[in-house]
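*Asks:* Line by line, the protein sequences are chains Z and U. Using the numbering used here, the first residue of the first sequence is number 1, and each one after it goes up by one. Using the numbering used here, the first residue of the second sequence is number 1, and each one after it goes up by one.
One should not assume that every hint holds.
Same chains, same label: a pair holds when it works inside one copy or across any pair of copies.
Computed list of lysine to any residue pairs in SDA-like fashion (alpha-carbon distance at most 20 Å, straight line) [what the hints assert, rightly or not]:
hint : residue 1 : residue 2
1    : K170      : A317
2    : K228      : P14
3    : K83       : A113
4    : K228      : S56
5    : K212      : D59
6    : K326      : I143
7    : K202      : D59
8    : K170      : L97
9    : K326      : N314
10   : K170      : G207
Since the hints were made in silico from the structure, they are not lab data.
Listed here are the chains, written in short residue letters.
Protein chains: 2
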Amino acid sequence: MTEMNKTWILRKRPEGEVKEGDLELVESPLEPLKDGEVRTRLIYLSLDPTNRIWMSDVDAYLPPVGIGDPMRGGGLAVVTESKFDGLSAGDIVNTGLGSWSLYSTHPGQTLTAMPKLPGVPLTAFMGPLGATGMTAYFGLMDIGKPKAGETVVVSAAAGAVGSMVGQIAKIQGCRVVGIAGSDEKCKWLTETAGFDAAINYKSEDVGAALDKHCPDGIDVNFENVGGKIMDQVIARLNDFSRMPLCGLISTYNATEPVPGPYNFSNLLMRRTLVKGFIVIDYFPRFPEGMQQMAGWLMEGKLKFETDIVKGLENAPASLSRLFEGKNLGKLIVEVSEPPAS
Amino acid sequence: MTEMNKTWILRKRPEGEVKEGDLELVESPLEPLKDGEVRTRLIYLSLDPTNRIWMSDVDAYLPPVGIGDPMRGGGLAVVTESKFDGLSAGDIVNTGLGSWSLYSTHPGQTLTAMPKLPGVPLTAFMGPLGATGMTAYFGLMDIGKPKAGETVVVSAAAGAVGSMVGQIAKIQGCRVVGIAGSDEKCKWLTETAGFDAAINYKSEDVGAALDKHCPDGIDVNFENVGGKIMDQVIARLNDFSRMPLCGLISTYNATEPVPGPYNFSNLLMRRTLVKGFIVIDYFPRFPEGMQQMAGWLMEGKLKFETDIVKGLENAPASLSRLFEGKNLGKLIVEVSEPPAS
Numbered sequence: 001m002t003e004m005n006k007t008w009i010l011r012k013r014p015e016g017e018v019k020e021g022d023l024e025l026v027e028s029p030l031e032p033l034k035d036g037e038v039r040t041r042l043i044y045l046s047l048d049p050t051n052r053i054w055m056s057d058v059d060a061y062l063p064p065v066g067i068g069d070p071m072r073g074g075g076l077a078v079v080t081e082s083k084f085d086g087l088s089a090g091d092i093v094n095t096g097l098g099s100w101s102l103y104s105t106h107p108g109q110t111l112t113a114m115p116k117l118p119g120v121p122l123t124a125f126m127g128p129l130g131a132t133g134m135t136a137y138f139g140l141m142d143i144g145k146p147k148a149g150e151t152v153v154v155s156a157a158a159g160a161v162g163s164m165v166g167q168i169a170k171i172q173g174c175r176v177v178g179i180a181g182s183d184e185k186c187k188w189l190t191e192t193a194g195f196d197a198a199i200n201y202k203s204e205d206v207g208a209a210l211d212k213h214c215p216d217g218i219d220v221n222f223e224n225v226g227g228k229i230m231d232q233v234i235a236r237l238n239d240f241s242r243m244p245l246c247g248l249i250s251t252y253n254a255t256e257p258v259p260g261p262y263n264f265s266n267l268l269m270r271r272t273l274v275k276g277f278i279v280i281d282y283f284p285r286f287p288e289g290m291q292q293m294a295g296w297l298m299e300g301k302l303k304f305e306t307d308i309v310k311g312l313e314n315a316p317a318s319l320s321r322l323f324e325g326k327n328l329g330k331l332i333v334e335v336s337e338p339p340a341s
Numbered sequence: 001m002t003e004m005n006k007t008w009i010l011r012k013r014p015e016g017e018v019k020e021g022d023l024e025l026v027e028s029p030l031e032p033l034k035d036g037e038v039r040t041r042l043i044y045l046s047l048d049p050t051n052r053i054w055m056s057d058v059d060a061y062l063p064p065v066g067i068g069d070p071m072r073g074g075g076l077a078v079v080t081e082s083k084f085d086g087l088s089a090g091d092i093v094n095t096g097l098g099s100w101s102l103y104s105t106h107p108g109q110t111l112t113a114m115p116k117l118p119g120v121p122l123t124a125f126m127g128p129l130g131a132t133g134m135t136a137y138f139g140l141m142d143i144g145k146p147k148a149g150e151t152v153v154v155s156a157a158a159g160a161v162g163s164m165v166g167q168i169a170k171i172q173g174c175r176v177v178g179i180a181g182s183d184e185k186c187k188w189l190t191e192t193a194g195f196d197a198a199i200n201y202k203s204e205d206v207g208a209a210l211d212k213h214c215p216d217g218i219d220v221n222f223e224n225v226g227g228k229i230m231d232q233v234i235a236r237l238n239d240f241s242r243m244p245l246c247g248l249i250s251t252y253n254a255t256e257p258v259p260g261p262y263n264f265s266n267l268l269m270r271r272t273l274v275k276g277f278i279v280i281d282y283f284p285r286f287p288e289g290m291q292q293m294a295g296w297l298m299e300g301k302l303k304f305e306t307d308i309v310k311g312l313e314n315a316p317a318s319l320s321r322l323f324e325g326k327n328l329g330k331l332i333v334e335v336s337e338p339p340a341s
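Given the sequences, and given the hints that come with them, work out the whole structure.
*Replies:* Here it is, written out as structure tokens:
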């Protein structure tokens, strides 16, 4: 009997949040593997805010996923069959910009086996050592350029990117204030991740809390969210501040035009540097970032959490956890059983 | 008989545009000069959009002018009396951040005599070789970093800063498109200043005109204006574009909060660098900028215009020319007779 694949197909462009029927899980037979190809079975699918951007027909940094095409995404997979010399069954690989599929077929030279690091769980390659970790590392270090003693604010602080940003900033000797959406997240930020302060934007006056926790103003704003929270932070930026612009999750589900920050003029007055970036621009420098992050991880300096949902069939519905702020740490779909470590 | 000074005093903070009664012209006797001091008589007072910012009690890059204090401003002045060894009566100096006064008294070491350049009129030191010229030079070259073949858009293009930005960008080998507020200005931009195209935002659809004149998108947006025009430009930025944020004149008279650009998310998607700057931050590098601009000026590569209003008494009312877009080139108040050149 032919083994069957399962793939989420984009059927229509979501209006606002993703709803049932926007995507369809389709089964199809697996084709025989050709020379030079590798077949992988997805273990962990990464769910990220940017997935929502890809579903919209907007002028983003990548073309939108076509209607009728497999949903774009990636994660960690295990090689099940290889007709490529450099990879063997059982190797763990990152499928990069693959698809929301149980099985995938790749030209072998596009994949690299993940190294085995002592004491580092496989999920670290979905977090600190994955795309979100690289986003945090390069956005903060290359654009934010934090200096010891400066104050760094990060929004969506308990998310996969924000939690790394804050901890890297602490390693640099900064005062770090995180903004997150629950008391549980805020507790994790200050008690586990070592943030100096955390603000629950759902229950606190963000402006007043920033005044309290950032008595010397804000030197770096690592922006993940946009909207009113960003405006409060921009109002408190210091002269010559930096603002890595990583994400604007508050706007991705918008169905009407969203105004930019009302404090936009403060970017002029404060001589702020704002720089949009997408982690794939840093791909050639990933080895540098991986090495640095792996070192800190093995020294115990980076705490990370995962929010794991089981079953590929739950992928579309689970995306809402990001937009409702339900996840603490990296949101992952466990598509198939990970290997025993 | 004691000679009298005349000074504009800020009496109250303008609401919206500057109105009669917001400032008062006051006469006062001149004090005798002390050792080390220099007295100057203002020849040309510079009127700039930023004057309006200084009148408001907002958190800007300089403290606001106090109520009851002389209005801040500067320009070119002639030394009338000196008790400082480095300067003599008849020397021409730039009074920098002085005041809207006929006479001023300065510690001698704070002033430098302007060089005499062959064929260069004194007004050039209010334009290409003054603060507006330095604003254009450093903002474009240091932040915009234009490369030959790229497309540069500049708003308020016929103003003192914008007209220099476009001409410097042409010298760098760029395609240059200016946005200005009259057919007369647009004609000057393309026929005299050498811009590739000019858009009259009062009579044209700016978005459609940008599409027509920037077929390869926009690599550098030198922003002087803000508001809807900025939004149209941001929508057409290329990947890795740069946006020197020099001014937001459309918002300075605002009496209600002004939303930031609706296309703010495009700064993320296009990985744009936005950098606010104030020309005084570049003060240590003025000699470099002056030398470069003076060279181009003497080679005939920089055309410039002045819009001269006579009489210190007309300073406050003339400021509105900037906000109504009436001036072509540098707006100057001729406070007293310039020396015969």
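*Asks:* Could you run down the list of hints and mark each one as holding or not?
*Replies:* Hints versus structure:
Proximity of K170 and A317 under a CA criterion of 20 Å is satisfied in neither setting, with 34 Å inside one chain copy and 53 Å between copies. Taking the shortest Cα distances, K228 and P14 never come within 20 Å of each other, neither inside one copy (24 Å) nor across copies (28 Å). Taking the closest pair of Cα atoms, K83 and A113 come within 20 Å of each other only inside a single copy of the chain (15 Å); across copies the shortest separation is 78 Å, beyond that limit. Proximity of K228 to S56 under the C-alpha cut-off of 20 Å is found in neither arrangement, the shortest distances being 23 Å within a copy and 24 Å between copies.
Taking the closest pair of Cα atoms, K212 and D59 come within 20 Å of each other only across two copies (19 Å); inside a single copy the shortest separation is 39 Å, beyond that limit. For the identical chains of this complex, K326 and I143 are neighbours neither inside a copy (28 Å) nor across copies (40 Å), given an alpha-carbon limit of 20 Å. When the C-alpha separation of K202 and D59 is checked against a cutoff of 20 Å, the pair qualifies neither within a copy, at 31 Å, nor between copies, at 28 Å. Taking identical chains as interchangeable, the C-alpha atoms of K170 and L97 are never at most 20 Å apart, the minima being 31 Å within one chain and 41 Å between chains.
In this assembly of identical chains, K326 and N314 lie within 20 Å of each other by CA distance solely inside one copy; the values are 15 Å within and 62 Å between copies. In this assembly of identical chains, the alpha carbons of K170 and G207 never lie at most 20 Å apart, being 22 Å within a copy and 45 Å across copies at closest.
Hint compliance for this structure: hints 1, 2, 4, 6, 7, 8 and 10 are broken, all remaining hints hold.
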